[in-house]
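Residue numbers (the numbering used here), protein chains in the order written: chain G, 1 to 100; chain U, 101 to 267; chain H, 268 to 597; chain V, 598 to 715.
These aren't lab readings, by the way, just hints derived from the structure by calculation.
Zero decoy hints are in this set.
Estimated spans, in silico, between C-beta atoms of each pair: (1) Y243(U) to L592(H): 18 to 28 Å; (2) G532(H) to L223(U): 31 to 41 Å; (3) P577(H) to I104(U): 48 to 58 Å; (4) M285(H) to L610(V): 13 to 23 Å; (5) R85(G) to R345(H): 29 to 39 Å; (6) R341(H) to H630(V): 17 to 27 Å; (7) I626(V) to R307(H): 30 to 40 Å; (8) I626(V) to P315(H): 26 to 36 Å; (9) T367(H) to V613(V): 24 to 34 Å; (10) R628(V) to Q305(H): 37 to 47 Å; (11) N338(H) to G115(U): 23 to 33 Å; (12) V242(U) to T367(H): 39 to 49 Å.
Note that the Cβ used here is the ideal one computed from N, Cα and C, for glycine as well.
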Amino acid sequence: MVTLGHYLGLSAVLFAIGVTGVLVRRNALVVFMSIELMLNAANLAFVAFARHRADVGGLVFVFFVLAVAAAEVAVGLAIIIAIYRNRGTVNVDEINLMRW
Amino acid sequence: MNQIGFVLLSVLAVGSALSVILQRNPVMSALSLVVTIFSLALAFLSLGSSFVAVVQVIVYAGAVMVLFVFVIMLLDLGRREPFKLTGVGRKILGIAAVAAFLFQISASLSAVGVMGARPPEPLPPGYGTALAIGRSVFTDYVYPFEAASVLLLAAMVGALILAKRRI
Amino acid sequence: MSQTVVVDIVRIAVILGMFLGCVAYLVWVERKLLGHIQIRVGPKRVGPYGLLQPIADFVKLVSKEDLTPPNAHRALFRLAPAIALVPAILSIAVIPFGGTIRVLGREMPIGIADINVGLLYVFAMSSMGVFGIALAGWSSNNKYSLMGGLRSSAQLISYEVSLGLSVLGVVLLAGTFSLREIVAAQHPIPFVALQPVGFLLFLMASSAEIARIPFDLPEAETELVAGFHTEYSSMKFAMFFVAEYANLVTVSAMAVTLFLGGWNGPFLPGPIWFALKTAAMLFLFIWVRGTLPRYRYDQLMRFGWKFLLPVALLNLLVTALIVALSGGEG
Amino acid sequence: MLSDFLPIGILFLMAVAFAGIALAAPHLITRAHPTREKMLPYECGIDPVGDARGRFSVHYYVVAMMFIIFDVEVVFLYPWAVAFRQLRMVGLVEAAVFLAILLVGYVYLWRRGAFEWD
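Can you make the complete structure from the sequences, with help from the hints?
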């Protein structure tokens with residue numbers, strides 16, 4: 001029998017992989033994909049809890065996460081493109097934008 | 101879903117997720133993430149919400165990942181990248197942070213006592229259908245829904261301004 | 268349990284075989300019809316009326332040299348045609364070809380699967396096609412391929428929004444995403460009578476989605492030497508070709524299911540009606556190809572964003588207003 | 598729920614098998630004889646000029662960005678359309694407000710020339 005804990009465990013592992021990707025990779029695009037992975041893991045937890053409580057509200061939250069993900073990726077990748085046009089790199093270690 | 105199915109699903113999801121952060125080539129990372137998204141859609145199906153599963157594929161795999169592939173093609177990043185990680189210190193820090201995170205999650209979940217909980221078997225009729233979700237969004241969640249359109253508007257304008265100018 | 272699975276496998280294999288056969292002969296029909304439209308005769312050498320032409324084409328393609336350009340990304344170059352073909356085949360899974368049939372004492376719906384989000388499933392599959400095209404163009408290491416791949420994917424995503432909006436009117440009227448229930452909701456009146464604008468929008472947006480004239484920029488033989496599949500030869504090229512025609516059949520079948528009443532019709536059995544209507548839609552697409560010229564790329568993008576999208580939104584809002592004002596259910 | 602999708606799983610396996618056979622078949626039947634000319638990137642017969650990979654107009658990004666935003670908008674309208682006959686006028690007003698806010702962005706994109714191709 002698959003319990004709620006199974007799904008939450010899977011979600012936590014996926015989230016942890018996403019965190020690892022953000023922390024260890026240098027390529028800004030891969031960092032962004034890791035963030036998407038974390039959002040997806042959160043979605044899994046939402047859906048699992050919705051099923052557990054038999055409450056549609058959790059599924060509605062997935063929709064808002066989708067809207068946030070779309071907005072984030074549209075702006076985030078626009079920033080990456082703008083940086084690349086200026087610096088010629090997407091390596092996060094070489095981008096220290098805060099001081100310009 | 102039975103346990104064998106869940107194990108297969110988890111192997112697919114975790115394996116493709118690891119592939120996302122371990123591939124040298126960003127295109128392969130993106131394709132791995134598409135596989136992860138599909139395996140999560142299967143998980144949603146097994147949790148009784150086919151509508152959310154299909155929407156997940158349409159938005160994440162069909163739109164978000166297309167944008168990633170576009171950017172990789174536009175900037176020509178797909179080829180020459182050696183596998184680069186950040187420095188040793190941050191790697192250790194990262195792994196430690198992830199371990200602490202996993203520990204905290206499992207500790208707090210078992211403290212609440214939901215880990216072994218079985219989902220209620222007879223689900224309310226119509227659970228997870230587009231109809232139920234639509235009724236919920238447009239009655240209980242109207243304000244977040246309208247706020248989402250403001251968010252999308254901001255993203256649209258912001259992305260256009262950023263893309264069109266040089267920083 | 269295992270008996271059901273065996274029945275399923277046989278049923279699915281039969282439908283898949285018939286579908287691929289249709290796709291193969293669609294190419295012959297198109298060449299024949301285009302020939303007659305242009306006052307030629309089309310294929311006629313291989314077999315009576317050139318009926319064996321698809322087999323000859325297949326033999327030719329499979330015996331061609333299968334070249335991979337030296338600087339191509341080898342894995343992706345091989346994967347791309349599969350990514351184009353597999354979703355194209357998967358799209359047919361939810362299309363209902365008829366009512367129900369009795370097999371081995373069980374009442375079975377005619378079709379592969381019956382899911383309650385069938386319409387969205389087709390959209391999800393068709394949105395996967397972009398990856399095949401983009402990756403094919405990118406991995407080939409050829410200027411024309413890359414340019415063609417980018418242009419095609421930009422075209423596909425530009426029209427996908429309008430395509431989604433154009434069918435929402437139908438969903439509004441039927442109140443469901445299940446294709447079987449949408450067909451049932453059209454029982455006496457097909458939705459084309461209630462959603463004529465939606466039908467036209469659907470035809471235009473889907474022509475662009477499957478890259479048919481007047482939106483066949485991805486092909487654009489004269490400008491881009493076949494675009495994203497310039498470097499593809501042998502069966503890899505054939506897979507793109509099969510995917511393209513499979514998508515054409517799927518789009519026609521979807522038009523029949525959503526707007527033309529599906530398998531509904533008097534006297535004849537359901538699947539026959541379905542086949543006849545789909546054939547009529549295919550004929551329409553071929554006829555359009557024989558008649559219209561090709562758009563320029565800037566015209567194509569402007570048309571999609573400045574005309575199709577607002578009109579689709581307007582159509583949806585007007586439909587919603589009428590449904591909201593009309594008293595009864597629907 | 599999941600069992601409804603079982604036939605799709607079977608079809609998926611068949612489609613993958615079909616694609617695999619199609620990819621393998623030419624290698625079993627014929628042998629490629631590559632020559633320098635054959636392996637050159639095709640550029641209408643002359644030797645290729647420059648590198649095939651380059652950077653492209655940012656306008657392609659703008660198109661993909663608009664697609665993703667409007668796609669999410671349409672996705673929000675899916676449950677709305679299904680539930681509409683229970684929501685009626687209230688639902689229409691809610692969707693109209695939602696679309697009106699996005700219309701601002703649409704007009705802005707139009708004015709900034711995001712739909713034009715140069």
